[in-house]
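Chain residues, written in single-letter form:
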Amino acid sequence: MSVSPIGRETARVDGPLKVTGRAPYAADYHPDGLVHGHLVLATVGRGTLRAMDVTRAEAAPGVIAVYTPFQPVRLINTFQGFGAENYVPLQDTTVRFRGQIIGLVVAGTFEQARDAAALITADYAGTPPRTSLADAGPGRSQDIVQVLAPGVASIDDVLRAGPVTITTTVTQPAQHHVAMEPHATTATWEDDQLTVYSGAQMPQRSAPAIAAGLGIDPAKVRLICRYTGGGFGGRSPAWNEAKLCAAAARALGRPLKVVLSREQVFTTVGHRPAVRQTVRLAAQADGRLLALAHDSDAEYPAAGGWPLIPAQHTSGVLYRTPNLRLDQRLVTLDTPSTWAMRAPGEAPGSFALETALDELAARTGVDPVELRLRNYATQHPVEGRPFSSKHLDQCYRLGATRFGWDRRPARPRSRTDGDWLIGMGMSTAAYPTDREAATVRVRFHDNGRVSVASGTSDLGTGAWTVLAVAGADTLGLPVEVIVPELGDSALPPGGVGAVGSAVTANTMPAVRAAGRAAIGTLLRAAVENPRSPFHGLDPADVSYRQGRLHSGRRSMGFDELLRAIGTPALDAIGATDPAQDSPYAFHSFGAHFCEVRVHRLTAEIRVNRFTSVFDVGTVINARTARSQFIGGIIWGIGHALLEADPIEPDGRYAAATMADYLVPVNADIPDIDVHWLGYPDPHISESGARGLGELGTVASAAAVGNAVYNATGIRVHDLPITLDKLL
Amino acid sequence: MTESYGISRRELLGRSGTVAAVAATVPLAVADTAPARATTGEVGVRMTVNGSVTPLTVDPRETLLDVLRERLHLTGTKKGCDRGQCGACTVHVDGERVVSCLTLAATLGGSRVTTIEGLARGDRLHPLQQAFIDHDGFQCGFCTSGQIMSAAAVLADGRARTDDEVREQMSGNLCRCGAYPGIVAAIQQARKEAS
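So the sequences go chain by chain: P and B.
All letters in the first sequence, in the order written, are residues 603 to 1329 by the working numbering.
All letters in the second sequence, in the order written, are residues 40 to 234 by the working numbering.
Keep in mind the hints are simulated off the structure, nothing from the lab.
Check the hints yourself; a few may be wrong.
[Said to hold, decoys possible] Here chain B is said to cover these stretches of chain P; the calculated rule only asks that three of the stretch's residues, wherever they fall, bring their Cβ under 8 angstroms from a Cβ of chain B:
| no. | stretch |
| --- | --- |
| 1 | 822 to 831 |
| 2 | 959 to 966 |
| 3 | 1162 to 1175 |
| 4 | 1235 to 1246 |
| 5 | 1315 to 1326 |
[Claimed, not checked] Taking CB as the label site, the calculated pair distances span:
| no. | chain 1 | residue 1 | chain 2 | residue 2 | range |
| --- | --- | --- | --- | --- | --- |
| 6 | P | 1181 | B | 234 | 39 to 49 angstroms |
| 7 | P | 1150 | B | 92 | 50 to 60 angstroms |
| 8 | P | 1050 | B | 233 | 50 to 60 angstroms |
| 9 | P | 681 | B | 90 | 24 to 34 angstroms |
| 10 | B | 233 | P | 1154 | 50 to 60 angstroms |
| 11 | B | 204 | P | 763 | 33 to 43 angstroms |
| 12 | B | 90 | P | 1050 | 28 to 38 angstroms |
| 13 | B | 202 | P | 1206 | 18 to 28 angstroms |
| 14 | B | 94 | P | 1150 | 33 to 43 angstroms |
| 15 | B | 94 | P | 1148 | 30 to 40 angstroms |
| 16 | P | 746 | B | 204 | 36 to 46 angstroms |
| 17 | P | 984 | B | 163 | 17 to 27 angstroms |
As the structure is a computational prediction, the values presented were derived from the model and not from experiment.
The C-beta atom is built at its ideal place from N, Cα and C for all residues, glycine as well.
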């Protein structure tokens, strides 16, 4: 084994378990004595609970307990500051939004709990909720980012002066993560030790968050999430249902499982806020930017949540401009808690910016690819730092060639195929890579296996396989002998959270550090242990190579050594902590190209094909990276054409089921051509890998929208682009 | 203003002209479509699950999905929506694909049920299972059992030959990770191997 698996096609190591149904997810555990819980949610949009009648529920067959604000199980509100849910359920009678948790019924079976929950009635004193972003005025500014050229007093002066000016306002309603696995928690207590099975993107943060909610020592909580049915941001915090489940299990002294119904997922575990954005451009006649302003008003729930800031990593990164202003505002509404959703700010923000760029291209007559090259940024427009490794220009050129961009009709609505109008659009993607500390444990076992352990999580991202590939590469061993471990808060502290496309880039260096440290441990044991054939040698005379120790003519496998010295395993921890004051800005980039057809009579919109070329540094596993890119692009197609959950005046989501909230299905998705450049990032780490998991989601919606414009001559600014808006 | 409990939705809707600050007493689980029913009976049912005759006494409310998962601990079949909208719970009943969340167990006397756990022959993966691995036809894996069971029925049916036909036949199985191109490629590989 001398060929490194880095960058090759490695099949998912968790594949066999997943295709046979043997991978256990949170709701798949059946501890002895398990009982089932079902949540009760508020059915008014704002107000106060005056009373709840639980008598029929309590009398229903199999019911063990009913918890409400009037007969609560205690939870502690650990909210501090801003940027998270600011309440815990059942501790007061306030209804902050429709769909808030106001009760939990526990019964012997799922059916008994569900049906008893339906017998509960509630008496509310209600007031009308604030739900309409369209009706709300400008929100509160977060931080305003402004860069002005010398002598410019106000960006508005430049934006008015032109010579070419563009003002584009786009809107999108609430969107949902819709991970295939509904949030579920199975909680078991043994004495004062809690084990929670619950999908989590950051198990080592969710476990202490649950402990804090219960008021217990974080060391007493272990969270296990080896297999998690999708995250997309929606599993980054520990939500109230998990805390409530654990608290009720403690109160009852029995293992408890709470699985959200699909409808409950839509209001209790986060969504992407509705947002209205305006991009204003001033440019020369040749398309060179003179000013770029990007304002946003995003829904922000009174109950707290994650704030949407769509301009920071899009308009604040993508183009060179002498004048730039970003004003990201939040509008308080009585809506369910918001949370980061895959490319949280970047997906909506890039739709606004890249739609505006397409309008500028149309106005100036400059080809959209050429327009972007004319405004190419080689340094971060706000921070002034050079990008660590940027080859976006090659993404544009290679993508254009692969796609056949030269066949794009420059004039909208000028190419047809029978009854179909054909159009092409393109856009630019960028996503930052945060540099984070990471800790990994590498352990040699006497059975010839090596475990590589990280307290991170694999939501389908491919982290299981990345750990195996990284371990194999570091130790010069076949992928098959590496046993990855993740998805368990009890693993060594310091696992990288599965958020921000950060796991691979930040875990790779830690695997290398841990691998080297473990080899050092092995070599020390080899010379120090009297039963070792290398005993007494100078450590410098013993070397490790591809799983074997060598000294002169002596050579033995690490497993043989461990058996010889009677040690089942030897391990070491490796930790990395990159400096935060790098002179470089770390971003991944990409270019999307999309062809659509729109029916001349019905305005049905179909995506014909998609080509994307990415610049993400070193790719660790080609197979799972490709899937991440493709999945992200499919999210962009959904973003552009399907996904919407309008909210009604009473606070009810109009599309809070999987039948009503449309996500792409197989028949919506054409062939997708994905390619990456493969330049290692020389500055990020020795592995050269930046993040890629969310990048495909960025701006792919704009490529679709720009293609629809090219096909029809109609620019739709209010997402999703549905056929009624083209008729 | 009502202070009483248990008022029906019909009565509530009958009161018109409520003002901005209203008190409302409404049933809670409307969106859950759960029947307001609290009695339980028991029904004997004998089905064959993955080749084993399985006699059971079930609550008539129990779906095949919940019986598989909670009684038989065959948790490979997943509950994605419980409403027949996502396909994650797809299994075979008498050789046909069904969404097990909309199939009441009590109706399955004498039926043959095959789940993802019954698809492989011992340790040897079914060609579709291997093809899903080869083409990375999944990411998180939660929809995968349903995708594979659905695909097995589509292949047995023999109608889907082109990529577009496969896409159409597989569009009842949602995959939020977006593994659709890999799923189509996997099904085509298995179809070609079988022919």
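* To do: Quick one: which hint numbers does this structure break? Sort them smallest to largest.
  => Hints 2, 3, 5, 6, 8, 9, 11, 14, 15, 16, 17 are the ones this structure does not satisfy, whereas the remaining hints hold.
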